[in-house]
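Trainee: Below, each chain spelled out in residue letters.
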Amino acid sequence: MRTIERGSWRALQVGLLAGTCLCMVGTAEAADPMVKACAKDGQFIIGFSQANNAEPYRQHVNDELTAAVKAVPQFTLQIADGAGNVNTQTSQVDNFITQKVDLLLISPFEAAPLTPAVKRAMDAGIPVIELDRKTVGDPGKDYTAFIGGDNYKIAMEAGKYTAKTLLPDGGEAAVLEGLPSSTPAVERLNGFKDGVKENAKIEVVAEQAADWLPDKAQTAFSAMLQAHPDIKVLYASNDMMAAGALLAAKGAGKQVQIIGTDGLPGPAGGIQAVAKGDWAATFTYPTGGKEAIEMAKSILLDCASSVEPTVTVDTTAITAENAKQMMGN
Amino acid sequence: MSEESTSVASGPVAAVPAPVHRDPLALIVRFQSLIGLVLVAIGGVILSPRRHGEILFLAPDNMANIVRAVSETGIIAIGMTFVIITAGIDLSVGAVLGLSSVVTATMMISGGFGLIPTILAVLVMGTAFGAIQGTISSRFRLEPFIVTLAGLQAARGLALVVSGNQYINISYGDGPGLAPPVFAVLGERLFNNTVPVATIVFIAFAAIATVVLNTTRFGRYVFAVGGNERAARISGVPVSMVKISVYAITGFASALAGIVHAGQFNFGSANDGMGYELTAIAAVVIGGTSLFGGAGSMVGTVAGTIMLGALANILQLNNITPAMQLLATAAIIVLAAVLQSLVRRREGLGR
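Residue numbers (our numbering), protein chains in the order written: chain A, 1 to 329; chain B, 1001 to 1351.
I should point out that these hints are in silico values taken from the structure, not numbers from a laboratory. All values reported here derive from a predicted model rather than from experimental measurement. Quick reminder that beta carbons are idealized off the backbone N, C-alpha and C, glycines included. Possibly wrong hints are sitting among the right ones.
Unchecked claim - What follows is a list of derived Cβ distance ranges for each label pair:
{"hint": "1", "chain 1": "A", "residue 1": "Ala124", "chain 2": "B", "residue 2": "Ile1028", "range": "25 to 31 Å"}
{"hint": "2", "chain 1": "B", "residue 1": "Ala1323", "chain 2": "A", "residue 2": "Ala268", "range": "45 to 51 Å"}
{"hint": "3", "chain 1": "A", "residue 1": "Lys119", "chain 2": "B", "residue 2": "Arg1051", "range": "21 to 27 Å"}
{"hint": "4", "chain 1": "B", "residue 1": "Arg1141", "chain 2": "A", "residue 2": "Glu203", "range": "49 to 55 Å"}
{"hint": "5", "chain 1": "B", "residue 1": "Leu1335", "chain 2": "A", "residue 2": "Asp142", "range": "42 to 48 Å"}
{"hint": "6", "chain 1": "A", "residue 1": "Met327", "chain 2": "B", "residue 2": "Leu1327", "range": "55 to 61 Å"}
The following block holds chain A by itself, in its conformation from the complex (with noise of 0.2 Å):
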């Protein structure tokens, strides 16, 4: 419109100009692109704000999304660390903005606080697609998409699991919760507690939170153990907190079945403790890397006019059966 004020001699010419362009955003609107930009061998720079690196399941989740892009010769993916902290995370997408990148991924360390920085994303024209967490509002209108498992479904499969195959006779459950206050945290146990309830002869006698850490699993595991020595089965909220309860449960000399939550690859992690026979089973959380950057192909490569608004990826259950086979994965 500026460029009308400034020379009335180009007015018709440009008037033309605009003519034209609007016709053609009107025949063309049923299949725009989401991004205008989009090109089968276009260069695009994914950002992804990550919500805390220090925690070995989103440094996972990295992982996978860097194997993901490393096999599409088009893309470059930038990471950010939101080092657990809003205001950290918010200037991160604020930057990703003014960098101006083709497609903004985010896990976002609480919902509400970074809404505003995913609008602005949005209102600026970048497409957000959500992994694992989500903001407040709706996919597919307020950020273009969510991909991610479902906290709450993934821990009442663990409590179903408890309630039939693990306590089918019933006893002691225990608890250990993430950082209290924390979505996930407050998701996976009120997942889990409602999960066992499917069995009336389990109790859940304890639930200390852990804060996701394996030192402060392996204290709150001792004492519990402690005050309720009889504890069959103990749900732990993520990999870390079932490795620290099993320390606790070793030290106190007990055979306690430990369900882990994420079921993390590595030497460290849950499926190998389910390997060796140290835990009972752990539920993975699925990262979504894959889907993201095939979501991101469909945008950025493919002109697509419309993506799934959401993805959920469904937990496996790794148990004694399927461990080791998981292990070769």
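Guided by the hints, dock chain B onto chain A, whose structure is given.
Mentor: Coordinates of chain B only, in the frame set by chain A:
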């Protein structure tokens, strides 16, 4: 400018012997954070990625990003400057920020209080929290390090109690359970989307603090207590009152930052502000305020705060790993401290 970092208390109390001459190193240290800020800015311009010839680092929205990101730690660092000039330390600030954001959210959402009563109550609470710490430290002659370490734990515990282990979302609107929409202005940017409101709060608070520190009798007392407590006491400075007041100021600053936090992020959580105390202390030290007390500058603190923000920004724009960011900050803190210590030794004030 010369008022900014006066290391000598003027007026009736001459606490520190005045250095007879000013050597160039002392001058550099006095303005170290401003010099550092200029250096980082120059580095930012040179190293900044460009898009269509535009230097991204200098883009107005990028400048706004930098000053917005540091506004909360900046507000805290302003309060911390008073405490550190008295040779004290306050470790509770980040936790008090978390407590304040939780109380702000709880009062407005579950309590149904209006905006003004909520803000006043939170500011009074923060100030009282600080004053209690100051009183305990001064009455029982305890190291402020220990007292405020306990204060950190207490504030986090209280925040968990108040929030009932939940995160409290702030939704806006009229009626019970909703916050007045005007509160959301703290998360907005004024003047054509270029000036974050959080930054305006930070700068306004810094301006008031600068005037208080440099022109009032209280400001002179603060320098006197930090310079030489015994001399200050003999000269009739109400040392205990000054000490209690500076912790009340950090409590007030933390509460203010907590309100800004709640407004910016529509949210109150007991985990908010974790580690902010260390960022604030770093900004103060880089700003040329001596951890030994007696010398310091408010403008230096502001410059130090913005410098840390600009550094983080330029490293991210260039996609440099967060690890490098920590290492760079570490190097700057050490450099700032070494420069200070060199000056003290040259002036024969080494302690």
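Trainee: If any of the earlier hints don't hold here, list their numbers in rising order.
Mentor: Going through the list in order, the structure violates hints 1, 2 and 6 and respects the others.
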